[in-house]
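Starting from the structure of chain S, add chain D where the hints point.
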Amino acid sequence: MKRILLNRLLQAILMMWSVGTLTFILVRLLPGDMAYKIAAGRYGDDAVSTAAANAVSAELGLDKPAFQQYLHWLWDLLSLDLGNSLVSGAPIIVELQNQLSFTLVLAGCAIVVAALIAFPLGMFCGVKADSGWDRASLTMSTFVRSQPVFCLGLLLIFLFAMELNWFPVAGYGGAPYAILPVLTLAISLAAVSSRVVRNSTRTAVNSAWFEFSRIKGLSSRRAFVRHALPNILLPALAFMGIQLIGLIEGVIMIESLFAWPGIGHGLSHAVFARDIPMLQGTALVMGFLFVLINALVDVSYYLLDPRQQEVQS
Amino acid sequence: MPSLPAVFSFRLIVIVFTTLLSLTACTPPRSPDKIVISGPFEPVSYDPASSGYIFSRMQVIETLVDVNDDGTLRPGLATGWQSNDDFSEWTFHLREGVKFHDGSTMNAEVVRKSLAVAFGKPVPFDASLVKDITIPDAHTVVFTLSQHYRPFPSLMSNYTMAILSPASFGKFNRMTALIGTGPYKITDFQPPHNISTIRFDDYWGRPGTIKEVEYITGHRSETRALMVKTGQADIVYNLDPAAVEMLKSDDSVSVFSELIPRTTLIKLNLDDPILADRSVRQALSLALDRTGIASGILRVPGIEANQLFGPGMGVWHMDDLPPPSQSLKQAKALLEQAGWQLANDGVRYRNGKSLEMNMITYANRPELIIIATAIQDQWSQAGVKLNVHMENSSAIPSGHTDGTLQTALMARNFANIPDPLGILLADFTSEQGGEWGPMNWQNPSLFSRIEQIGRETSEASLPAQARDVIRTINDDLPLIPVVYYMQHSAVSDRLQHFSFDPYERSFRIADLQIRSEP
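In order, the protein sequences belong to chains S and D. Using numbering that gives the first Met the number 0, the first residue of the first sequence is number 0, and each one after it goes up by one. Using numbering that gives the first Met the number 0, the first residue of the second sequence is number 0, and each one after it goes up by one.
Extracted from the complex, chain S is given alone in its bound form:
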């Protein structure tokens, strides 16, 4: 397991340098004068002007050669300083902590709720494969997945916020505010992961080893929990790991719809406003999360699957 973690640490360091460098190059390749875009982000549409753009350029040293700015950024990164936002002037680390905590709450809760929906539903459909329930679940999954997540969010708002008046429509400031965005994301995720669980369950319960475990006298529950469950968990876990990464990147729409102050919203604004330190900081954190989640999936694989431990040893 040490080797897994060491490999991932090296990957993380390489990733931080490459993601930061790539972001730096890509932002400079975007069309349009950066100083103007930053001025628009800072002062708003009505107040953006050449005078404001010139002031921004002078203040931020945007007229310096690109390699000088890059070396400056690299030095700051080595000293673990992510710089300040070009728009708000606040330290990136503070903005990221704030935004990331909101997104992680959203993504973490969504993945747990998605698992709570996907596993029971997927296992039920896997055991009852090709039944009416299974077909209904397939239809429902296809329907949910084919909707933009935005539509699903609006449907939930109509039902739970407007008709039933159970939860607030948007904003943040307590658990009730998180429920609708979490549920929207969770349902969208569960639509696919429930089918992965269903297929794994179907393969497991129809396998020769599962049949053997029943023949040797185990009860259906014991055979399921002892033999089928670990085999169902492995592919589902890998799939949900990938989903979680996609989820952190893809919450922009949900954060915008529910006015949730997360990193997706921050990232989209940083792109429009050419807030390079913010973009680099966000990309670094996301890249780091990617490596971290992969490491966690590897470790859980290692712990769940005895074959992995044999390979590693």
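Incorrect hints may have been included.
Claimed, not checked - Part of the chain D face toward chain S, derived, beta carbon under 7 Å:
#1 L225
#2 N363
#3 T400
#4 T403
#5 N412
Claimed, not checked - Calculated lysine-lysine pairs in the DSS-like style (CA-CA distance at most 27 Å, straight line):
#6 K170/D / K63/S
#7 K210/D / K98/D
#8 K384/D / K352/D
#9 K328/D / K247/D
#10 K120/D / K63/S
#11 K170/D / K130/D
Just so you know, the hints here were simulated from the structure itself, not pulled from any lab data. Think of the CB as a built atom: it goes at the ideal place given N, C-alpha and C, for glycine as much as any other residue.
Below, chain D alone, put in the same frame as chain S:
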């Protein structure tokens, strides 16, 4: 087929979920002395230069000069002002007994310091206009200008000119807090999502009745509409036509629609060989179906623009101009007279060159791109090919400065400087024009007439002079007006005494009252 373990029973799943949802069903109750406001505005920092517009609306900061609904000026933190004979020196008399939110008192030195910092940052006018600020006594501030400038007091109403306590500034005059003089003070600020304020009991004017006010950034119009519909917000601003339709059928919400001093205009580069020709500009204006845009896209009939400044801008709006009407026949005739002949591909050509243009517009005002594509279709009926490009708003000043802009569709805000004379003096007195105004337009006679108005000391001749200016601009069309701007807001019936500030300087929270529950 193996039997399903009892733990995965479908019925159980349904029961667990229904119970969980019911347990967590908890929309926060409304507080009897707090209101929630939502709008699309995203405050990014304490700095009035960047986010002053929202802190002014939340009544946290105030300026020396305030603005009436008709654009005329009224005393704010200054009780009065006067100039010397040629408008090059302005004396402002400060209101006495004004306290900042930190308990300190406003005086001339504090005002001088606050404005000196503000002039060092981007402001919506030429900051070099103010040469010197002197303070003859503790309640008087004198501005010496680098030129004669008649509309100077209107500049002092801009949010960037807010008067702040010295404790707002840290090292290098960086903002560390926002300590203003308004009837509400900040208790919490989480940029760009949330501002919480509480009533300031030492306010110099009439204090508000509502104790706490929270502003939540609602990024989407749909979200804001649903927030007010479900009671999560009490006032929501900047609603789109679809949201307005939905809210009109709701008995617990009132919708307010007001014209504001903002006009959707087509900016034209008159250095362009196509657009230098006045008859082409007139043809482009005649080919516009403004009624279709107003009624079909914006769903507000009657906001078609026939001149630069909309109704409610005093002498600078001519009520007796005929309403704009589309005339494709006239447009085509004018283009033909200008030498642009229609070819088989539906596009006009002159000397082998097609009548093709680029138009840039920006995404932050979602209606602009729809209007731009409508214009694209309307102009194509006259044989004009238009390529629409979606950009960031900064593409307009940037394209103006480097000369690459050909046409642009923009929503020009005239509320920043409430006196239209200030806008005209800035944008309509040189060929250079204004970044959000005309571009490469040459009309030296009008330029000098506007400069003359800027020097005029008599108010009596202003109406006639204003008519002359507006008529000349309308005839020459350096900019093509499309529609005026109707702002929609919705208010919960829980509130009374709501009014909308057309200059969008204030949410007028201090005037509001929460109805007592029956």
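What hints, given by number in increasing order, does this structure fail? 4 and 9
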